[in-house]
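K.L.:
Each chain, letter by letter, is given below.
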Amino acid sequence: MKVPTMAEYMAEGKQPEVLFWVGCAGSFDDRAKKITKAFVKILNNANVEFAVLGAEESCTGDPAKRAGNEFLFQMQAVTNIEVMNAYDIKKVVTACPHCFNTLKNEYPSLGGNYDVMHHTQFLKSLLDDGRLTIEGGSFKGKKITFHDPCYLGRANDVYEAPRELIRKLDVELVEMKNCRKKGLCCGAGGAQMFKDAEPGNKEVNIERTEQALEVKPDIIATGCPFCNTMMTDGIKNKEKEDSVIVQDIAELIANAQDL
Amino acid sequence: MEYIPNILFAILLIAGVGYFAKNVKKLSRNINLGKDVDRSDNKSQRWKNMGMIALGQSKMVRRPIAGFFHIIVYVGFVIINIEVLEIIIDGLFGTHRVFTKILPDSIYGFLIGTFEVLAIAVLISVIIFWIRRNVIKLKRFLSAEMKGWPKSDGNIILYFEVVLMTLFIVMNAADVKFQEAGVGNVISQYLYPLFEGNIEMAHIIEKTAWWLHIAGILVFLNYLYFSKHLHILLAFPNTWYANLQPKGEFVNDANVTKEVMLMMDPNADPFAAPAEGEDEGEPEKFGASDVQDLNWVQLLNAYTCTECGRCTSECPANQTGKKLSPRKIMMDTRDRLEEVGKNIDANKGKFVDDGKSLLNDYVTTEELWACTSCNACVEACPVSIDPLSIIMEMRKYLVMEQSAAPTELNVMMGNIENNGAPWPYNQMDRLNWKDEN
Numbered sequence: 001m002k003v004p005t006m007a008e009y010m011a012e013g014k015q016p017e018v019l020f021w022v023g024c025a026g027s028f029d030d031r032a033k034k035i036t037k038a039f040v041k042i043l044n045n046a047n048v049e050f051a052v053l054g055a056e057e058s059c060t061g062d063p064a065k066r067a068g069n070e071f072l073f074q075m076q077a078v079t080n081i082e083v084m085n086a087y088d089i090k091k092v093v094t095a096c097p098h099c100f101n102t103l104k105n106e107y108p109s110l111g112g113n114y115d116v117m118h119h120t121q122f123l124k125s126l127l128d129d130g131r132l133t134i135e136g137g138s139f140k141g142k143k144i145t146f147h148d149p150c151y152l153g154r155a156n157d158v159y160e161a162p163r164e165l166i167r168k169l170d171v172e173l174v175e176m177k178n179c180r181k182k183g184l185c186c187g188a189g190g191a192q193m194f195k196d197a198e199p200g201n202k203e204v205n206i207e208r209t210e211q212a213l214e215v216k217p218d219i220i221a222t223g224c225p226f227c228n229t230m231m232t233d234g235i236k237n238k239e240k241e242d243s244v245i246v247q248d249i250a251e252l253i254a255n256a257q258d259l
Numbered sequence: 001m002e003y004i005p006n007i008l009f010a011i012l013l014i015a016g017v018g019y020f021a022k023n024v025k026k027l028s029r030n031i032n033l034g035k036d037v038d039r040s041d042n043k044s045q046r047w048k049n050m051g052m053i054a055l056g057q058s059k060m061v062r063r064p065i066a067g068f069f070h071i072i073v074y075v076g077f078v079i080i081n082i083e084v085l086e087i088i089i090d091g092l093f094g095t096h097r098v099f100t101k102i103l104p105d106s107i108y109g110f111l112i113g114t115f116e117v118l119a120i121a122v123l124i125s126v127i128i129f130w131i132r133r134n135v136i137k138l139k140r141f142l143s144a145e146m147k148g149w150p151k152s153d154g155n156i157i158l159y160f161e162v163v164l165m166t167l168f169i170v171m172n173a174a175d176v177k178f179q180e181a182g183v184g185n186v187i188s189q190y191l192y193p194l195f196e197g198n199i200e201m202a203h204i205i206e207k208t209a210w211w212l213h214i215a216g217i218l219v220f221l222n223y224l225y226f227s228k229h230l231h232i233l234l235a236f237p238n239t240w241y242a243n244l245q246p247k248g249e250f251v252n253d254a255n256v257t258k259e260v261m262l263m264m265d266p267n268a269d270p271f272a273a274p275a276e277g278e279d280e281g282e283p284e285k286f287g288a289s290d291v292q293d294l295n296w297v298q299l300l301n302a303y304t305c306t307e308c309g310r311c312t313s314e315c316p317a318n319q320t321g322k323k324l325s326p327r328k329i330m331m332d333t334r335d336r337l338e339e340v341g342k343n344i345d346a347n348k349g350k351f352v353d354d355g356k357s358l359l360n361d362y363v364t365t366e367e368l369w370a371c372t373s374c375n376a377c378v379e380a381c382p383v384s385i386d387p388l389s390i391i392m393e394m395r396k397y398l399v400m401e402q403s404a405a406p407t408e409l410n411v412m413m414g415n416i417e418n419n420g421a422p423w424p425y426n427q428m429d430r431l432n433w434k435d436e437n
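Protein sequences, first through last, are from chains B and Y.
In this text, residue positions in the first sequence follow UniProt numbering: the first is 1, and each later residue adds one.
In this text, residue positions in the second sequence follow UniProt numbering: the first is 1, and each later residue adds one.
Keep in mind that the hints were calculated from the coordinates and are not lab data.
Any given hint could turn out to be false.
In silico lysine to any residue, SDA-like type, Cα no more than 25 Å apart, as pairs [stated by the list, open to error]:
#1 B:Lys34 - Y:Trp423
#2 Y:Lys139 - B:Leu213
#3 B:Lys41 - Y:Asn432
#4 B:Lys2 - Y:Leu431
#5 Y:Lys434 - B:Tyr9
#6 B:Lys2 - Y:Thr365
#7 Y:Lys323 - B:Asn178
#8 B:Lys195 - Y:Thr365
#9 B:Lys182 - Y:Ser143
#10 B:Lys181 - Y:Lys139
Generate coordinates for the entire structure from the input sequences, incorporating the hints supplied.
P.N.:
In structure tokens, the structure reads:
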């Protein structure tokens, strides 16, 4: 798999067209790594000159900030900005809406100004430019529902890019009763991913999984590694893993084309 | 002697408006206890938001049933109050329906006719609202924070509206001259037969209804300050001053930036004495433990909240039985702010520590840690209140001032600090996925 680093580009005296910000989940979480690889396959297939920071990348600081540790967040941010500015980065794409939100909205006032895109927006732009073709392949006619990640949807008003990609797969896109602006959280945001939930009568991801199952989908499409984990766990909890699959949009596109 | 009613009216009006003005001053003082925040940018967008969201009720109609009836009550209330202008002139100068002399019959008739129709529409809507609150028992009106005063408050407002609308119709129906002229009495004409037999009695009823109507309006005006109903005024500034940035952007704390930049500056001398003239005041507190630590827009938010509960009904934590309710966060903030305000009043303009705070005495840490920061509450609010920003400020206080994060979060933060990821993986291994199958 061809995954050049910024350092390699710099050594050659070249600049990639975009930095792929992999994120902690995309780097370390076994499930999310599959999303990372699927996205890289698409990028390579579309001949996109991208690079990653590799060992020079560090947590954006999102979970620290949402947990209340502004100091740790800003230390992370300033360190990352120093690295990215040294490479003169202009454009960033990431498959994690939390990284996307933080890089796009919270880095500028600390000196990091980049054109930041979520991978669904980036793939949509490749599609519009004719650099990417999406075919239904094995997904043709399947029923897909899309779970809006909070940090992509409500937080940044990106609702259409993921849906337009899904429609290109020749599938039937069905919406849950709570979608877009009213999309229910998967339960992982605000640093909840890293702690047990407070006492209650249900887990948030179970509630959301039930909403998804109501529309009887074959596939639950996600656009966030954390949502993906939460929905996958929900499907397992409901013992539906044989009939419903949870996949990131990048995985769906890559799999449809047997990349 | 003949001027006694005019004088009485003037006294009533001055007392009613005066007491309200006094409370508005207190309200503004309390809101200004908050920290400064600049929300004066992008004025055209702000006017547009106010026009769409407050004036145009664009977010109310996202729930069509409540939205529809709310628009009737809102439009009805605003428009019928044009009539108050005539009442005030009549009251002060002893005239009777002064606008009949200024406006042509057709216009006066159209106005009063519209008011009458709206009054009936408002009555019906208010009854439906009452049924929703007391008979159907919608879940969002039954939460723990809606017991006691908040429940009574909601009903008292509805009773006020019923009484005011009824008085308006009765006042018109018993007005013999108005009925005989027959312009604009589209609804009240059907009640006129009840009064036309006894002209003297009709006159007394008309006058009584007239006095009670204007007195009722003044009492209602003064009730606002003590009620969730303040939203009818504050929704306008609140939507104007609302955050315009993407909802996912949480403001970077400038005080922290100062420290971080100092730490990152290789030339900074950590033992340097502060420069001449540099402020050596108390170090800024991080986050919020009490209302004075919040900014004034957050405090305005608290006074604007009308406790409709749309935020809470959309909250994933609340839906799954956790203690967190964004509405309660707003109600607590207002209650505590009122308490602080009363403390200041009782202590000659200075706040004397009462050993209480918004955090712990009102909002528990269990509520704060249940938030997923998903912004559903912010999106749901029909008047652009932001409960999430208050939750985040209080988390910041817990973590940065008290090191009181849940253990698992401390582990997560320790990992980020040591190896640049929330999990204990080595930063040098970040690209290992490339070679794995």
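K.L.:
For every hint, state whether the structure bears it out.
P.N.:
Quick rundown of the hints versus the structure:
no.: 1; hint: B:Lys34 - Y:Trp423; in the structure: 18 Å, holds
no.: 2; hint: Y:Lys139 - B:Leu213; in the structure: 24 Å, holds
no.: 3; hint: B:Lys41 - Y:Asn432; in the structure: 16 Å, holds
no.: 4; hint: B:Lys2 - Y:Leu431; in the structure: 12 Å, holds
no.: 5; hint: Y:Lys434 - B:Tyr9; in the structure: 17 Å, holds
no.: 6; hint: B:Lys2 - Y:Thr365; in the structure: 47 Å, violated
no.: 7; hint: Y:Lys323 - B:Asn178; in the structure: 22 Å, holds
no.: 8; hint: B:Lys195 - Y:Thr365; in the structure: 14 Å, holds
no.: 9; hint: B:Lys182 - Y:Ser143; in the structure: 21 Å, holds
no.: 10; hint: B:Lys181 - Y:Lys139; in the structure: 22 Å, holds
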